[in-house]
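Sequence order for the protein chains is V and X.
Sequential numbering of the first sequence, starting at 1, is according to the numbering used here.
Sequential numbering of the second sequence, starting at 1, is according to the numbering used here.
Please keep in mind that the hints were generated in silico from the structure rather than gathered at the bench.
One or more of the hints may lead you astray.
[What the hints assert, rightly or not] With a straight-line Cα cutoff of 25 angstroms, these simulated DSS-like cross-link-like pairs (lysine-lysine) come out: (1) Lys84(V) with Lys175(X); (2) Lys12(V) with Lys84(V); (3) Lys134(X) with Lys88(V); (4) Lys311(X) with Lys39(V); (5) Lys127(X) with Lys90(V); (6) Lys60(X) with Lys39(V); (7) Lys88(V) with Lys127(X); (8) Lys155(X) with Lys276(V); (9) Lys90(V) with Lys12(V); (10) Lys66(V) with Lys79(X); (11) Lys39(V) with Lys314(X); (12) Lys39(V) with Lys127(X); (13) Lys90(V) with Lys311(X); (14) Lys39(V) with Lys13(X); (15) Lys39(V) with Lys155(X); (16) Lys175(X) with Lys47(V); (17) Lys271(X) with Lys193(X); (18) Lys79(X) with Lys39(V); (19) Lys175(X) with Lys91(V); (20) Lys79(X) with Lys151(V); (21) Lys25(V) with Lys79(X); (22) Lys91(V) with Lys25(V); (23) Lys193(X) with Lys90(V); (24) Lys121(V) with Lys79(X); (25) Lys39(V) with Lys309(X).
[Unchecked claim] Label-pair restraints from in silico Cβ distances: (26) Asp5(V) with Ala10(X): 36 to 46 angstroms; (27) Gly15(V) with Lys376(X): 28 to 38 angstroms; (28) Pro273(X) with Ser204(V): 50 to 60 angstroms; (29) Lys13(X) with Asp5(V): 51 to 61 angstroms; (30) Asp206(X) with Thr370(V): 22 to 32 angstroms.
[As the list claims (entries may be wrong)] Which residues of chain V face chain X? A partial, calculated answer using Cβ under 8 angstroms: (31) Trp59; (32) Met128; (33) Gly261.
Backbone N, C-alpha and C define an ideal beta-carbon position, used for all residues, glycine too.
Read off the chains here:
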Amino acid sequence: MKYLDIAMNTAKSLGADYADIRIQKSTNQVIYLQNLSLKNTSTDVSKGYGIRVFKDGAWGFAHSNKFTDDQVVATVKRALEIAKLSAKVKKGGGLTLAPERSYISTYSTPIKVDPFTLPLKEKVDLMMEVNRTMMNYEGIVQTVFYLVMQKDEKLFASTLGTRLDVTTQFINPMIMATAVLDGDSQSRTFDEGGRAVGWEWITSLDLLEKAKQIAEEAIIKVKAETLKEEARRSLILDPGHLGLTMHESVGHPTELDRVLGWEADYAGISFATPEKLGNYKYGSDIVNFVGDNTLSEGLATAGFDDDGVPNQKWHIIKDGVLQEYGTTRDTAMQIGLNHSRGCSRATKYYNQPINRIPNLYLLPGTKELTPAQLISETDDGVYIQGRGSFSIDQHRVNFQFGGDFFWEIKNGKLHRPLKKVLYKSCNPEFWNSCDAICDERFWQPFGVVNCGKGQPNQTGRMTHGAAPARFAQIRVGGSQ
Amino acid sequence: MKTNFEVIAAFIKKHVTADDYSLRITARDSHETRFAQNAITQHIAGDNIDVDLEVAFANKTGRCSINQIDEAALLAMIKTAEEMAIINQSDPEYVESAKTQEYPKAQNAMDSTLNLAPEQMVDIISKSIQNGEKHGATVSGMTEKHHMEIFNNTKNGFQGNYDLTEFGHSMTLKKDNVETKVSFSSKDFAAFKLDKELSKLNGQFDSLTNPQPFSAEKIPVIIRPDALWEFYMYTMWMMNRRQADEGLTAFTDQFGKKFLGEKFSMLSTLKIPELISTPYSYDNVVSEETYWVRDGVVETMPTPRYWAKLKNLKPASPFNVYIPGGNATEEEMMKLVPRGLIVNRFWYIRPVDMKAGELTGMTRDGVLYFEDGKVKHAVNNLRFNEIPHDTTRRILALGESVLADSSVKLPSILVDNFNFVDTTTF
Chain V
1 MKYLDIAMNT AKSLGADYAD IRIQKSTNQV IYLQNLSLKN TSTDVSKGYG IRVFKDGAWG
61 FAHSNKFTDD QVVATVKRAL EIAKLSAKVK KGGGLTLAPE RSYISTYSTP IKVDPFTLPL
121 KEKVDLMMEV NRTMMNYEGI VQTVFYLVMQ KDEKLFASTL GTRLDVTTQF INPMIMATAV
181 LDGDSQSRTF DEGGRAVGWE WITSLDLLEK AKQIAEEAII KVKAETLKEE ARRSLILDPG
241 HLGLTMHESV GHPTELDRVL GWEADYAGIS FATPEKLGNY KYGSDIVNFV GDNTLSEGLA
301 TAGFDDDGVP NQKWHIIKDG VLQEYGTTRD TAMQIGLNHS RGCSRATKYY NQPINRIPNL
361 YLLPGTKELT PAQLISETDD GVYIQGRGSF SIDQHRVNFQ FGGDFFWEIK NGKLHRPLKK
421 VLYKSCNPEF WNSCDAICDE RFWQPFGVVN CGKGQPNQTG RMTHGAAPAR FAQIRVGGSQ
Chain X
1 MKTNFEVIAA FIKKHVTADD YSLRITARDS HETRFAQNAI TQHIAGDNID VDLEVAFANK
61 TGRCSINQID EAALLAMIKT AEEMAIINQS DPEYVESAKT QEYPKAQNAM DSTLNLAPEQ
121 MVDIISKSIQ NGEKHGATVS GMTEKHHMEI FNNTKNGFQG NYDLTEFGHS MTLKKDNVET
181 KVSFSSKDFA AFKLDKELSK LNGQFDSLTN PQPFSAEKIP VIIRPDALWE FYMYTMWMMN
241 RRQADEGLTA FTDQFGKKFL GEKFSMLSTL KIPELISTPY SYDNVVSEET YWVRDGVVET
301 MPTPRYWAKL KNLKPASPFN VYIPGGNATE EEMMKLVPRG LIVNRFWYIR PVDMKAGELT
361 GMTRDGVLYF EDGKVKHAVN NLRFNEIPHD TTRRILALGE SVLADSSVKL PSILVDNFNF
421 VDTTTF
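All chains should be modelled from the sequences, with the hints used to inform the complete structure.
Structure, rendered in structure tokens:
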């Protein structure tokens, strides 16, 4: 596209130290069904470009939705002027960018059935049937089916000579049933998060069976008892729960921009500071976390990040020890790293890229272990499925999490269902208490599509994953 | 930024074939400068437009939004929305678009904010950093200005437009284990006084040195305005009339009853000029003076248009929040109880039990311990599990209401027996 050349030639002629342009079209389709009422059936299309100019150790970023030669030139000039303004308020010589070579490449999320080309009726008919199935259960007063599909088409060029053509997309179904009984209301949700796949995933899920299970479990949950006293117990967490736990307690603390304090005013900082690299016992010996933006069906898998850095796979925690961060070209050099791990991503064309969590997952256990065995080897504990309330401090140390469905475990058996369970723990206690992880047969991904971060706020996406795992001696109790 | 909304609206009117439609156009021009660790790290400028069209054939709906306004793009938007509606299933809860209505006029856009230059914003940041350096500390924050123009039009004759401005400046000052924050947000840049903000920031910072360990317990707490808004914003969300009528929240069967504490009132108002008061809601519900809670009685609940029609109620939508305060100073509040805590801000508040209305969250940016009417020292951060509407019954005193956000004005309050359940490690 000619605008790539116009922008880069203008930036070079004006003396930019570095510049890039990202032309991005984002198409988002939402179908929101509450009971049998279609609250929202919408398609949103945004199209424009963001231009970054790096000058004298500082960034300027300008964006526009007007596609003319003159407007592209004006936007480059505006970004340069802003960079010059930024350079008036810098530390020392300002920022430096990690070295990177040029690439000419394309990437497209592999999908079999594009949900955007599927007739709307086919999607809505399925959703209606799912909600009808749940509403047929006595005691279910509200049902929700929320379906999101998104496609991002990007053309990227930089003054390094890079030219990229990247198309990514994902789909995210969420089903919820809410039961009301005896003055209480409880919800049960099916939500594996988003996945970078097509409609073929939806048809493989057997959502009508899931709907029955969700409705039945919502009714079980509203009738369930609560834990009266907080006590130290074992926790068994399923992949749908662990996805969010690792996101909050490992993913965010190992974003290098947070470590550097760049998020201090809003999202917060990190306890996992650089002097801990290579020696900090973040978890037990069986805890291994991998950053992997090459992960098949991963939400952060895009071939390249928005710095034009190729996707990579690396250990963030190995044998329980903190190894490395998720980095970008402008954060990596701040701690003397000479290369970026490719974690720079923006949500829309008008967002300046920021340091993001990569696809990040817990490696499965190396010994054969099934969830049934794990439960049978637990005397006193709680098994948590799915995600619920979650809250963590701004240093990413102390947290309290709930869940979506709970079973008390007594003497190696699922004893009774519970509701309103909360557990409290902190880093590094929590991951060091991990004493068993099921094997790779039980590893499942969990996709986050709404990770809020940054000022102005952006919603990022990335995939996590785990096999069911056990944590010993965690404080587990109930809400008030 | 002067967008010809009428031209777009006329084009839509001419080409839409659906039985009904609602159009909303939002144009936005922003300049956002982010700084951290005493340097600017992000710096963004640009404008955008969003044209959002919902159409209906009988009660089958479709919606499309775009950010391009050439005729081809607008035609494609109409086609997409109409095709979705035609093949969609019927919505039993569809409500026809809003009819012609009078809406209040309010001045929400201020020249002082419109005329603010990027150079002035960078100068504010420079001075903020110089102040931090005097403390040997780092400063991080965000300086931003926005101008938005909103236009609404429906097939049934509703037409409205307004614009608004916002200026914001936040600063987090951090040195070793001490960190604290102030933030200013208003439609009017002329109301911003950097010296006043720096003085407040420095005062908070100086009070937080030498923190002592403190265990979680139920204890009286003075909740400062920024923290109070973070805590009570969930109350408005949980008061939704439909959710309550369906038995999903703590407000079930509480309409018209004294469910909250008698010292507590909450309203949306057109009478306080410093507050942004949008003349109508996203759903074209016209703004009018509304007490949500008056002296503890649930007087009005946010009511969506469909639920209002079904239950023969009046639709209602919050357009700003005002919690009337009292005249107690912080010093006077400290003398009302033997001991307690002062909270600057809360952080990461999430529901833990929707039916009970229970929330969890933590303190942030400074907690002070007081005894015998005087601040003794700072303490570590704490986690709470609390029910906001329940805390209103434990209000012992209210301070003067102040602007906490461009559309929020509320006081400090002294609450008895606030339920802290855990400590944090810093």
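Hint by hint, here is what the structure shows:
Only pairs whose Cα atoms come within 25 angstroms are accepted, and Lys84(V) paired with Lys175(X) is rejected, the gap being roughly 29 angstroms. Our distance criterion of 25 angstroms between C-alpha atoms is met by Lys12(V) and Lys84(V), whose separation comes to about 15 angstroms. For the hint pairing Lys134(X) with Lys88(V), the CA-to-CA distance comes to about 19 angstroms; that is within 25 angstroms, so the pair holds. Restraint check for Lys311(X) and Lys39(V): the C-alpha separation of about 18 angstroms stays at or below 25 angstroms, so the hint holds.
Distance restraint check for Lys127(X) and Lys90(V): the Cα-Cα separation of roughly 13 angstroms lies within the 25 angstroms cut-off, and the hinted pair is therefore satisfied. For the hint linking Lys60(X) to Lys39(V), the alpha-carbon distance of about 11 angstroms falls within 25 angstroms, and the restraint holds. For the proposed pair Lys88(V) and Lys127(X), the alpha carbon gap of about 12 angstroms is at most 25 angstroms, so the pair holds. Distance hint between Lys155(X) and Lys276(V) is unfulfilled; the C-alpha atoms sit about 63 angstroms from each other, more than 25 angstroms.
As the CA atoms of Lys90(V) and Lys12(V) are separated by approximately 23 angstroms, the hinted pair is consistent with the 25 angstroms bound. Simply put, Lys66(V) and Lys79(X) have alpha-carbon atoms about 22 angstroms apart, close enough for the 25 angstroms limit, and the pair holds. A distance of roughly 20 angstroms separates the Cα atoms of Lys39(V) and Lys314(X); the hinted pair therefore holds under the 25 angstroms criterion. A C-alpha spacing of about 48 angstroms is found between Lys39(V) and Lys127(X), which places the hinted pair above 25 angstroms, so the restraint is violated.
Simply put, Lys90(V) and Lys311(X) have alpha-carbon atoms about 59 angstroms apart, too far for the 25 angstroms limit, and the pair is violated. Under the criterion of a C-alpha separation no larger than 25 angstroms, the hint pairing Lys39(V) with Lys13(X) is consistent with the structure, at around 23 angstroms. Our distance criterion of 25 angstroms between C-alpha atoms is met by Lys39(V) and Lys155(X), whose separation comes to about 19 angstroms. Annotation: proposed proximity of Lys175(X) to Lys47(V) is violated, straight-line Cα distance about 42 angstroms (limit 25 angstroms).
Distance hint between Lys271(X) and Lys193(X) is fulfilled; the C-alpha atoms sit about 24 angstroms from each other, no more than 25 angstroms. Annotation: proposed proximity of Lys79(X) to Lys39(V) holds, straight-line Cα distance about 20 angstroms (limit 25 angstroms). Of the pairs offered as hints, the one joining Lys175(X) and Lys91(V) holds, with about 17 angstroms between alpha carbons and a cut-off of 25 angstroms not exceeded. The straight-line distance between the Cα atoms of Lys79(X) and Lys151(V) is roughly 20 angstroms, inside the 25 angstroms bound, and the hint therefore holds.
A distance of roughly 19 angstroms separates the Cα atoms of Lys25(V) and Lys79(X); the hinted pair therefore holds under the 25 angstroms criterion. This hinted pair does not check out: Lys91(V) and Lys25(V) have alpha carbons roughly 35 angstroms apart, beyond 25 angstroms. About 24 angstroms separates the Cα atoms of Lys193(X) and Lys90(V), which keeps this hinted pair within 25 angstroms; it holds. The hinted pair formed by Lys121(V) and Lys79(X) meets the criterion: a straight-line CA distance of about 16 angstroms does not exceed 25 angstroms.
Between Lys39(V) and Lys309(X) the alpha-carbon distance is near 16 angstroms, which keeps this suggested pair within the 25 angstroms criterion. Here the CB-CB span from Asp5(V) to Ala10(X) is close to 38 angstroms, well matched to the stated 36 to 46 angstroms. In this structure the hint that Gly15(V) and Lys376(X) lie 28 to 38 angstroms apart at CB is violated, the actual value being about 57 angstroms. At about 58 angstroms, the CB distance of Pro273(X) to Ser204(V) agrees with the hint of 50 to 60 angstroms.
A C-beta distance of roughly 40 angstroms is found between Lys13(X) and Asp5(V), which places it outside the suggested range of 51 to 61 angstroms. Our hint of 22 to 32 angstroms for Asp206(X) and Thr370(V) is violated, since their Cβ atoms are close to 58 angstroms apart. Given hint, Trp59(V) at the interface with chain X, holds; its Cβ is 6 angstroms from that chain's nearest Cβ, closer than 8 angstroms. With 8 angstroms as the threshold, the beta carbon of Met128(V) comes within range of chain X, its nearest partner Cβ sitting at about 6 angstroms, so the hint holds.
For Gly261(V), the interface hint holds, since its Cβ comes within 8 angstroms of a Cβ in chain X; the closest pair sits about 5 angstroms apart.
Violated hints, listed in ascending order, are 1, 8, 12, 13, 16, 22, 27, 29, 30; each of the other numbered hints is respected by the structure.
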